[in-house]
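Chemist: Here are the chains, one letter per residue:
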Amino acid sequence: MFIINCPYCGERDQTEFTCHGEAHIARPDNPSEISDEEWGKYLFFRENPKGTHFERWTHDHGCRRWFNVMRDTVTDQIIKTYKMGEAKPVISNE
Amino acid sequence: MSNQNRTIYGGKVNREKPINFVFNGKSYIGYQGDTLASALLANDVHLIGRSFKYHRARGILTAGSEEPNAIVQLGLGARTEPNIRATEVELYEGLEASSQNCWPSVNFDIGAMNNFLSRIFPAGFYYKTFKWPPSMWLFYEHFIRKAAGLGQSPTAKNPDRYEQKFYYTDITIVGGGISGLLAALGAGRSGCKVLLIDENPELGGYLLDYNFSINEKDGKKWLKKIIDELNGLANVTILKRTTAMGYYDYNYLTALEKVTNHHVEFSSTLPRERYWRIRSKKVILAQGAFERPLVFADNDRPGIMMASAGQKYLSRYGVLPGKSVVLFTNNDHAYLIAFEFVEKGAKVTVVDTRDLLNARISEKCKSLNITVFKSYSVIKTYGDKKVNRIEIQQVDKNQNQLTGEVENIHTDCVLMSGGWNPAVQLFSQSRGKLKYDLKINTFVPDKIIENQKIIGSNNGQFNLQENLNESFEAGIAAANELNFNSVEKVNWTGKEEIEFTHSDVEPYMLGKKKVTKGSKHFIDFQNDVTAADIFLAQREGYISVEHTKRYTTTGMGTDQGKTSNVNALALMSHIHNKPVDEIGHTTFRPPYAPQTIGAIAGRSVDKLFDPERKTSMHEWHVENKAVFEDVGQWKRPYYFPQNKEDIHQAVKRECLAVRNSLGILDASTLGKIDLQGPDAAKFLNMIYTNAWSKLEIGSCRYGLMCNEHGMIFDDGVTSRLGENHYHMTTTTGGAARVMSWLEEFLQTEWLDMKVFCTSVTEQWAVLSISGPNSREFLKDLTNIDLSKENFPFMKFREGEVCGVKARVFRISFTGELSYEVNVPARYGRYVWEKFMEHGKKYNITPYGTETMHVLRAEKGFIIVGQDTDGSVTPSDMNMDWIVSKKKEDFLGKRSFTRPDTVRHDRKKFVGLLVNDKKTILPEGSHIVEKALKQPPMKMLGHVTSSYYSPTLGYPIALAMLKDGFSKMGEQVVVPLMNGKIIEATVTDTIFYDKEGKRNNE
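Here the protein sequences line up with chains A and B, keeping their order. Going letter by letter, the first sequence gives residues 1 to 94 in our numbering. Going letter by letter, the second sequence gives residues 95 to 1095 in our numbering.
If we strip away everything but chain B, and leave its shape as in the complex, we get (with noise of 0.2 Å):
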């Protein structure tokens, strides 16, 4: 039979439209307008999944976000997604889902033995035994992932797309229930634009649920003309189904907004989920409160719910839960509950902890034929996969314990209130500070940090008419404040059969009575926490709330307590016999809800998760089968293969065809920087190790930068164009750490430099020309006089290049006779192709990174950042040549003189050949002073760059190693990780020309 457990009228679903659903593998009928879990009950599905540790069979205990039992595992494939609330989904043709924490299914567990091995499972189980020895953690881990755990990921990429929404408003408003939407109202009704966020698909809140008048009228058409205007108004936006997840400093908010996850197509149009960044002026929380569950032995069982939760299956969605019903109660307002199930056909039974009760609920119960057991508490439920027997026993307040007959009650649904607890997670994630409220036993919100207001019974205010006139002028107020207009107020009065009053709740507590052994009182349904865990925890020493939470998991689960922490606190209060206030809470961190890194995320993956810089030349390289690498944000070429080269191949060739011919490097991507101003030079000096003064109009000079610290950032070649004009280059990756270094000095501390700089980096494509015939191919190609005479090495000269207007720095980083052209970005590729044109026939090479750090390599040149990590200095690096004597004082300069960057024992730049003269060290092996069998072995250093040099025919490496300019000529061993060990001589760091002959030439 389906829907067997659906009234025959009454909610919101529509009957006229069915839709199919398939849970654990059977197919099932819903309504529109159905969750997952009010479809579920309506089949008079109960079990819905096993818990966390005991695996225990849960059911459906809340009807939102709260939830921490009905979570399941919904959709197949790449969109599966564990740890959803079944409470939340709302249903679509074709869903499917499936209980988690289950094998090999739901009904039939094998890990719900564990339960009755709950005895060796007691709070800090896995601490106290899978501590020791410590290296076996990583073992048992890998076990206990596999049996703990809740849902599966996906395993393939996500499919769908995510947006994300900068959004600034007035005033933002939280919770779309009474108390929103009447300061929605208020606030827009002045004039300001107003945010108005509510979690469910439809407004209206607590409204939707129970029966009460306005202004002596239907409360559910009232409800519908208010939300109407709201509508109406344009300044006035609305967001459904949408979560307030984080809120931080200076009322920044963060939202989830669920666009298409309820629908049945995946839609190509529109994102999945958007969430939404939103700074508001002010911030107004309405979010309500979730209710409270009541502790008692075996509380757990399926068909036990929250009586609020009962109560909206059966007005929202035509559900009744159970046809015996047990009400069990602290308060007055749960009786509507009773009132509503006995009006749908439901045999209701109250067990309530007060003695005295309500005249007029009493006559009424009394009229409905509905038994109420005063001074009484629930001790006990049986039922296998769902509940179906009670105990029951009296109170003794005086005593503070159950005396008399313990009774049995058979019954198929539970339904229990102990009160309410404001949703205080936002505001406490705003600062907000919390007092405990004697009067409904719970945490309220107290003192304000933000820019901010908290209404209705999010501030713990539950009266009906309170809350409407209360809410309405707090919208008009927070308006107000921002200089909006005073809008009338307007009185409203509502009614309910019995209304919330303060006096209402009798606090109770599982602490009044022992724990029965052998049965388990739960506090956190979602991690297994019972009454017996908190109890041990304080035994144990745990008696921070802090200590308490993390020992025993409380509120660490994916529903974060919202149902369980008070409980808890309230438990420890008793346990200490100190009031809660004193016990304190835990700190609320966003987020208030599980939600999707793909959201988080938005449209920053893939290929926009980080920009891709590309020189105008990069097609180009595509075209020509280039292997890139990555440097910094960077594409560059790495090789060039031809045929079926390996890289080896490939970079053998190209280094021979610089040391020989002619070769073309794109060097677009290193860092440019136009320095103007009278000042510069003075400047120079100050970031530079050398000297600049004497630098004249059309040279270029090599400089090393150093922080405070002394230690080298960055290099590159500064070129003086004009009297007080400079071209600044740096490395690749160090363009924007230079940039911003400059700009530090000249705005924080010499103001009166005058002083520009502006990075032209993209402005100018670099097509870097190396080799012995660069000076005869570039003749043809410019007006620039070329000969050795009149344009010598470390000069700048500006003219034509392929009929373009250039400027060619005659630079060198291989070593070789070179042309560094620099012309206009977007005639890079133009230049380039006329090059290679003409460059046929020196047999024009095109190379990549690597053979540019071979060819440096053999030079001695140092890369910034692969050979040095920012604790050498240039004396460590026997640059000694470039740091000025003369010059009084520049960045850097006074921290070489400092105690420990003049130790002689410090690692210094060295070269390494290898004794086989065939073995190519790894990059960042150990020099070690005594190779032994295995580590700790004694260092001496590291290899910072090593490669096999075509040019030489042997391997070459660079090293940085203890006092290594006093042991020239001395042996050294690099153990390798396959056990071999290297036996290698240090060097010079010059491998090739010694005399930079060829770069003069």
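Excised from the complex, chain A in its bound form (with noise of 0.2 Å):
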């Protein structure tokens, strides 16, 4: 069981959070104009990475905040926590 660090309140159990899935899926702008392919693609197509996996929590038992979560799907280590909004973090090759 995890420790997550909430960008807004500090480290915390895992079970005060809920994971939502892949972060970084923008809605479109403009989904009347788009194909149904682009459309299937926002709804259905997710990321599956062996390794470094961005991802979506909310501190649900805490102060209710939406935030991301960058995680090593092999080792679970969590690498980074970091406000919506923010840059996604660049993937070292170390």
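Hints should not be assumed to be uniformly reliable.
Unchecked claim - Covered by chain A, according to a simulated footprint, are these stretches of chain B (three or more residues, beta-carbon under 8 Å):
id: 1; region: 336 to 347
id: 2; region: 830 to 843
Unchecked claim - Straight line, CA to CA, 20 Å or less: simulated PhoX-like cross-link-like pairs of lysine-lysine:
id: 3; chain 1: B; residue 1: Lys334; chain 2: B; residue 2: Lys106
id: 4; chain 1: A; residue 1: Lys41; chain 2: B; residue 2: Lys987
id: 5; chain 1: B; residue 1: Lys106; chain 2: B; residue 2: Lys375
id: 6; chain 1: B; residue 1: Lys375; chain 2: A; residue 2: Lys80
id: 7; chain 1: B; residue 1: Lys848; chain 2: A; residue 2: Lys83
Derived by calculation from the structure, the hints in this document are not laboratory data. The structure presented is a predicted model; accordingly, all values stated were derived computationally and were not measured. Here a beta-carbon is modelled for each residue, glycine too, at the ideal position from N, C-alpha and C.
Could you fit the two chains together into a complex? Lean on the hints.
Modeler: Put into structure tokens, the structure is as follows:
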């Protein structure tokens, strides 16, 4: 069970949080103008990487804020947590 | 004779304090400090139970939590527990235990027949025999479960209380033996917060059972000094009788503390067990090691036990398990035990698999009259319910086989020592990687993943001297790494008569010899897995270690193979002629030892399992005999029976009261969200399918919410209270979901929108009054102008009701003239009672959710989650009228034009009227194309809501029907479970007041 560093509250137990899947999937600005395929991509297609993954989490039993988590899916190490709207961190190759 | 195997002196039992206990119906006496196992051995009881598959006689193999054989049914009635290790049970007055897996008794067990039929019960027997035909498995299973299985579960409710404790600490140390104690001392002296966990009632581990000296002083005195110092440190917490069960990510450990299990009286103030959930910055594993059995024919007879267990029974409990003892060993260290047994009056013979023996040991054996058979192996044992004779034979190392004459030794106790396996279970749970150490022939920790240290014999280090200093320094280092001050190192010198060295253990495996036919070489005692089973699994292609495990069930008992796993792997290595490292090992998973479900549940049982939410009028409902139903966590009145009414009579009366005069519903559970901010209207436009920009202050509007797939997921009425202020209502069950949904989009997509959402569900009590008399009724109780002109349908007004500030919404879920009166929750019951009193002249009738459902169904109003199921669009529900054509965008809109959502043959929302005018179709019934004698039948849809309508006098139903809108007036058939076939006519969904005049009155 993880310890997650909520950008607003600090380190808390995973039981206080909920994961909401992949982060940085922006809702299209112009849904009516895009093709079924593009809309389908937004709705259904997700990465499933072995390694660094970007996820959305909420601190439900805390501040109720949404934020992003950069996590390694192999080691479960949380590399970084950051607020919504902040730029996606670069994956280092080390 | 009682306690005939007890030594006259020695051990830590209190011979002045006898304890009475019962085993298999017979009374015995043990002493304070005994375990059930030691007390039974003291009373010369060796036959404890019958094995799982072959029902073989089994005794006591070990003296700890790794015990595979001596598992008993403990306690009686509601407190009875199966599969309890007798080696761990502290004796208490009046303890009652019995053997498992035997009938009619452990001495005469009919199932023991399996032993003679074992040729037909090889590994995979059940898989092979009961596989076909598949439909018969349920039939077979019934009998197999009866024949197999260990103890009995209690059938009554658990009367005990279990607690949970959440704990945060700097360092957790698992294991209170020499390594754990010294690590705790090193860390404790530096001032950091230390938690030391040990599963035994007494700290000291190995040191309690062996003679040794530290700094030239008696080791046991030294041990006491160390424990005293630890007890005096305020920053060190020591948990005894506590087993670390699980090791999860980020140094999260769970541990089970036995609080009153060993007490005579069950405490009313203390819990039975306490489940610890521990988070620590650092973990030090110091769990020690398990001695490994040796594999030979019939190595499972009562009287055959681990050498270290024999030592423990002798030194800690003052029990001599046999008078004529054979020590079968492959290492030097076990000779210590031979010496100890001779000193306590036993005759000892040693069978050693090795040919070279340390001169000092040889001499001592000679002086103590111990016969040593070098390069010999035990090849078979005899004895019905206890070992009485063994056969030994010389081992030819070069030929890799047994040679020479078979010799017989008469004995009443065989102690075996095959080396040691570090207890790597928790280490492996923490994803630590293991490697095979050829020097001591076992798996040892290799790569550490967590912020963790592993020390002492747990790390494959068995030398006392080295463990003393390394463990203490590990404690200091751990504290240092957490930025605590360094403390001075201490140089300890530890001495044992025979030091444990690394070249000590000879790799001894049965694989060197052929499996003797007709006898069983047990690898896994608890699951009755023999060497022959492992051979068979390899022959049949179950070569992967995971396959071998599952096919043979090695390591799958309640002991999780603590004594068997390494031997199984070594045997596989021999069969495949590959290093053990390449064979690998199976994954260790929590829990480390069996644990009660009660402890995991803790206090989350009964009423505390899930919170109950009650409205402020709840007690009135209780007093007025409401029958309740659960809606989410809410308790809602289902109906209010009067006199001896059943549900049908009560609902009929309630429905008619609403339609004809006045009904009142507690609608407080509806989700309520307060939205404020300059972008609130813009936000609502995106959330709901219809348009919100033009909603005037003081007006209400019904809205549908869809997810991005275009599927309906909630509905409700939202009212505009002020310029930038809205009051949203949601379904009772969907309140939290909708709140999260709103927050998700505000926080992740539209960060620039200025809107605040606040849940106010519990701040308001809602009294929904409904019926043609509701205006007349309410008029006298409020200062709000209720006239049709000034307060029309779908409007909202503020004022006072019964002298209480109120928000009144003129909305209707019944189709009648209705007002939803919202007052601050604390006034809920007050206003409710005023309403009941004042409403007498209108025969005001409280109604519950069932009546609410009937009334809304008569009007064709949907219930999200009942008529919809997450796969229907507004169009499917014939609700295109609420989907804005003008709005550029809203959540779900784009999906309305996906090829799948525009299909013509989608299921559509229709009404159904049964032709016989009396059958109430069961909800969930299928509408089929053609009714056949039995399924499969081609399905066209299903009934979502179905009731008898008291207003109309006949049943009505709502359904989802393929291409339903073009089937109006057509006939459909609905086959019922009882074989009847019901015919119905497809109609629209509004059964009553189609023009909607009544709520506009």
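Chemist: Determine for every hint whether it applies to the structure shown.
Modeler: Hints and how they fare:
Evaluation of the coverage hint for the region 336 to 347 of chain B: fulfilled, as 4 residues show C-beta separations to chain A shorter than 8 Å, against a requirement of three. Counting residues of the region 830 to 843 of chain B whose beta-carbon sits less than 8 Å from any beta-carbon of chain A gives 6, enough to reach three: the coverage restraint holds. Taken as a hint, the lysine 334 of chain B and lysine 106 of chain B pair is honoured in the structure, with Cα atoms around 17 Å apart against an allowance of 20 Å. The hinted pair formed by lysine 41 of chain A and lysine 987 of chain B meets the criterion: a straight-line CA distance of about 16 Å does not exceed 20 Å.
Distance restraint check for lysine 106 of chain B and lysine 375 of chain B: the Cα-Cα separation of roughly 36 Å exceeds the 20 Å cut-off, and the hinted pair is therefore not satisfied. Between lysine 375 of chain B and lysine 80 of chain A, the direct Cα distance comes to roughly 19 Å. Compliance with the 20 Å bound is thereby established for this hinted pair. At most 20 Å may separate the alpha-carbon atoms for a hinted pair to count; lysine 848 of chain B and lysine 83 of chain A meet this at roughly 18 Å.
Violated hint: 5 only; the structure is consistent with all others.
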